[in-house]
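K.L.:
So you can see what is in the structure, the chains are spelled out below.
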Amino acid sequence: MAEQKKGYFHVIREKYCKGCGICVAFCPKQLLVLKNGKVFPERPEICIGCRMCEFRCPDYAIAVKPLEDDKHPVKDVSSIDLSLPPEAHHG
Amino acid sequence: MAEFLDYFRKERLPHIWCPGCGHGTVTGALIRAIDKLGLDKNKIVMVSGIGCSSRAVGYLDFDTLHTTHGRALAFATGIKHAKPSLKVIVMTGDGDCTAIGGNHFIHAARRNIDITTIVMNNSIYGMTSGQYSPTTPHGMLGTTAPYGNVEHEFDVCELAKASGASYVARATSFHVTLLTDLIEKALMNKGFSVVETLTQCPTYFGRKNKIGGPVELLNWIKDRTVNAKAATALPPEKLAGKLLIGELYKAERPEYCASYAETTARVQRTYNDYKGGNRGCELNSD
Numbered sequence: 001m002a003e004q005k006k007g008y009f010h011v012i013r014e015k016y017c018k019g020c021g022i023c024v025a026f027c028p029k030q031l032l033v034l035k036n037g038k039v040f041p042e043r044p045e046i047c048i049g050c051r052m053c054e055f056r057c058p059d060y061a062i063a064v065k066p067l068e069d070d071k072h073p074v075k076d077v078s079s080i081d082l083s084l085p086p087e088a089h090h091g
Numbered sequence: 001m002a003e004f005l006d007y008f009r010k011e012r013l014p015h016i017w018c019p020g021c022g023h024g025t026v027t028g029a030l031i032r033a034i035d036k037l038g039l040d041k042n043k044i045v046m047v048s049g050i051g052c053s054s055r056a057v058g059y060l061d062f063d064t065l066h067t068t069h070g071r072a073l074a075f076a077t078g079i080k081h082a083k084p085s086l087k088v089i090v091m092t093g094d095g096d097c098t099a100i101g102g103n104h105f106i107h108a109a110r111r112n113i114d115i116t117t118i119v120m121n122n123s124i125y126g127m128t129s130g131q132y133s134p135t136t137p138h139g140m141l142g143t144t145a146p147y148g149n150v151e152h153e154f155d156v157c158e159l160a161k162a163s164g165a166s167y168v169a170r171a172t173s174f175h176v177t178l179l180t181d182l183i184e185k186a187l188m189n190k191g192f193s194v195v196e197t198l199t200q201c202p203t204y205f206g207r208k209n210k211i212g213g214p215v216e217l218l219n220w221i222k223d224r225t226v227n228a229k230a231a232t233a234l235p236p237e238k239l240a241g242k243l244l245i246g247e248l249y250k251a252e253r254p255e256y257c258a259s260y261a262e263t264t265a266r267v268q269r270t271y272n273d274y275k276g277g278n279r280g281c282e283l284n285s286d
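Going down the list, the protein sequences come from chains A and B.
The first sequence: position 81 = 81 (my numbering), numbered continuously.
The second sequence: position 111 = 111 (my numbering), numbered continuously.
Everything labelled a hint here was simulated from the structure, so no lab data went into it.
Each hint should be verified, as a subset may be incorrect.
[What the hints assert, rightly or not] With a cut-off of at most 25 Å between alpha-carbon atoms, the simulated SDA-like pairs for lysine to any residue come out as follows: (1) A:K38 x B:K10; (2) B:K208 x A:K65; (3) A:K15 x B:E11; (4) B:K36 x A:G7; (5) A:K38 x B:V150; (6) B:K242 x B:S163; (7) B:K229 x B:Y249; (8) B:K238 x B:D155; (9) A:K15 x B:L39; (10) B:K41 x A:K29; (11) B:K208 x B:V150; (12) A:K65 x B:R9; (13) B:K10 x A:G37; (14) B:K161 x B:D114; (15) B:K43 x A:K6; (16) B:K41 x B:T177; (17) A:K6 x B:A99; (18) B:K87 x B:T64; (19) B:K185 x A:R51; (20) B:K10 x A:H10; (21) A:K29 x A:G7; (22) B:K190 x B:S259; (23) B:K36 x A:G19; (24) A:K6 x B:F4; (25) A:K15 x B:Q131; (26) B:K10 x B:L39; (27) B:K41 x B:P14; (28) B:K229 x B:E252; (29) B:K222 x A:P85; (30) B:K190 x B:A265; (31) B:K208 x B:Q131; (32) B:K36 x A:G49; (33) B:K10 x B:D40.
[As the list claims (entries may be wrong)] Calculated from the model, a selection of chain A residues having no Cβ within reach of chain B, i.e. all distances over 10 Å: (34) Y8; (35) K18; (36) P28; (37) K29; (38) Q30; (39) K35; (40) G49.
A virtual CB, placed ideally from N, CA and C, is assigned to each residue, including glycine.
Just chain B, with the same shape it has in the complex:
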């Protein structure tokens, strides 16, 4: 077991996230999960897009890729396709994943490619000074929603589940031990795994909505969530307006890279011993 800070590029710390930002907590949880599983540092690739959350890879001592806005999953798909032996982890934010890269997200989930995606959902565009994002809850304030957000928010977990992801979980930056366990399970899952983490943005979300600092925001997040296991025993009126945390969905589905390799092997077996002739294509020819 290596020291915790050995996974970081120490010369780049302390990071530039705001005091009390939840992204650091989620990055720490990810490192603890990797450390617990004992994964090889040189076999892990971290990919991120643009945004506060996507700065995480710059501080981590793995092979990292900081890509264009929303396209982290597209780059990650390429990496996984070229070298399926690598463990590919995507760190992305709510805007990066569901707004700008929404299309890449649903299609990566549809393919069920073996990528672990950690969506840090702080419900706002923090880097560009607090515009509302697709995951800002209805009625909450932002720079571009001064009278309350008119739109309704995305449920990232339901989106991933409907698109075909094989592991979907949600945790918060308050429930850190749960978060570490879920990331660990997501890393072990063969297929597209999504861990949505609700994090706090004290600088914009907390200030605009007059919730307060990081501690009040964490308490607000805690009050908004119910554990999925506990929710089965609770009456429906107590679950109104609450988000479920924990492992929400797990399914066995064929993984993309494995299916692709299988197809390649099947086609090669058919045509490798080609000795001339029409290769069984006579049925298709005119």
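Just chain A, with the same shape it has in the complex:
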């Protein structure tokens, strides 16, 4: 039985994106487009997960993550212990 195709989703940080178009031009599947000057994954289902958009993005505005990723839980404000000083989070 063939292995099930892995899916990917794109994290877009619109605040960081400056619309330079590097990720759009160098995506091997041409799945990204610029919408109102910001990057937008038009067909995320055909993404092969090469992450070249993420590596080449000068503004850290795009990230590619595999779907159903249990190892890297989503980090949001609710998971941060605000009673600790920010220095305590240093790696």
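Put chain B on the given structure of chain A with help from the hints.
P.N.:
For chain B alone, kept in the frame of chain A given last:
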């Protein structure tokens, strides 16, 4: 493995580099290399001088030092000398490294002090509106070279190699995976390591030379470079005017801080049990 953005001072992002500037890509590659090696954030010191490239340290959540123009390597030498256990990384630009700080660069390489230097070479002085720099290719245009650059450019890698650096590599902001691997190897190398990265400056270099935006510039950089491994099999006429990328030079040389500590230990052993007398200096006395 920490999250990628945890290495940044997030309150300072988005950065002020122009849209499509390659410096962000190189900074990202450096962070990925550090993340891959699992280095301790508190044991890394980032030093930079002045210029577009040197703004990088302001966005990174390490112990950082933004110093005077061209003197990043001088400050870094001091840090490494005072605390050899720290990992010192210098982020510098082509003008900062080869023009204003050229002297510091060759002497840091000569000493082979354990510093990793990342030279972001965008072939122009971007921050001061596009004057030609020592690495602007011959014949290219700039604000101060409206009829083409008369001078010939520096080869930063050859300069570092001739000065005595023990690890020399070159990559571009197009070849990001190669760049990350090379930075990783440079960080592991004990001695002066130089990674020259060719980056794009769409605002000045691309516009003045009528090459185009960031995408066209990246393609232009890609066409100018050949992988050093592939170049061995290519005929010389295909290599004319091309720059080699990849690991260009690696050598085992005594590291400065280790040699200094060795000398200190040797001298201390001789004179620590001093009980009077002329300490074996009679041969030098008149």
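K.L.:
Determine for every hint whether it applies to the structure shown.
P.N.:
Hint check results:
no., hint, in the structure
1, A:K38 x B:K10, "holds, 20 Å"
2, B:K208 x A:K65, "violated, 38 Å"
3, A:K15 x B:E11, "holds, 12 Å"
4, B:K36 x A:G7, "holds, 24 Å"
5, A:K38 x B:V150, "violated, 40 Å"
6, B:K242 x B:S163, "holds, 23 Å"
7, B:K229 x B:Y249, "holds, 12 Å"
8, B:K238 x B:D155, "holds, 19 Å"
9, A:K15 x B:L39, "violated, 29 Å"
10, B:K41 x A:K29, "violated, 36 Å"
11, B:K208 x B:V150, "holds, 16 Å"
12, A:K65 x B:R9, "holds, 22 Å"
13, B:K10 x A:G37, "holds, 22 Å"
14, B:K161 x B:D114, "holds, 15 Å"
15, B:K43 x A:K6, "violated, 38 Å"
16, B:K41 x B:T177, "holds, 22 Å"
17, A:K6 x B:A99, "violated, 50 Å"
18, B:K87 x B:T64, "holds, 12 Å"
19, B:K185 x A:R51, "holds, 21 Å"
20, B:K10 x A:H10, "holds, 20 Å"
21, A:K29 x A:G7, "holds, 14 Å"
22, B:K190 x B:S259, "holds, 12 Å"
23, B:K36 x A:G19, "violated, 28 Å"
24, A:K6 x B:F4, "holds, 22 Å"
25, A:K15 x B:Q131, "violated, 31 Å"
26, B:K10 x B:L39, "holds, 20 Å"
27, B:K41 x B:P14, "holds, 21 Å"
28, B:K229 x B:E252, "holds, 21 Å"
29, B:K222 x A:P85, "violated, 45 Å"
30, B:K190 x B:A265, "holds, 20 Å"
31, B:K208 x B:Q131, "holds, 10 Å"
32, B:K36 x A:G49, "holds, 19 Å"
33, B:K10 x B:D40, "holds, 19 Å"
34, Y8, "holds, 16 Å"
35, K18, "violated, 4 Å"
36, P28, "holds, 13 Å"
37, K29, "holds, 17 Å"
38, Q30, "holds, 13 Å"
39, K35, "holds, 16 Å"
40, G49, "holds, 14 Å"
Of the numbered hints listed earlier, those contradicted by the structure are 2, 5, 9, 10, 15, 17, 23, 25, 29, 35.
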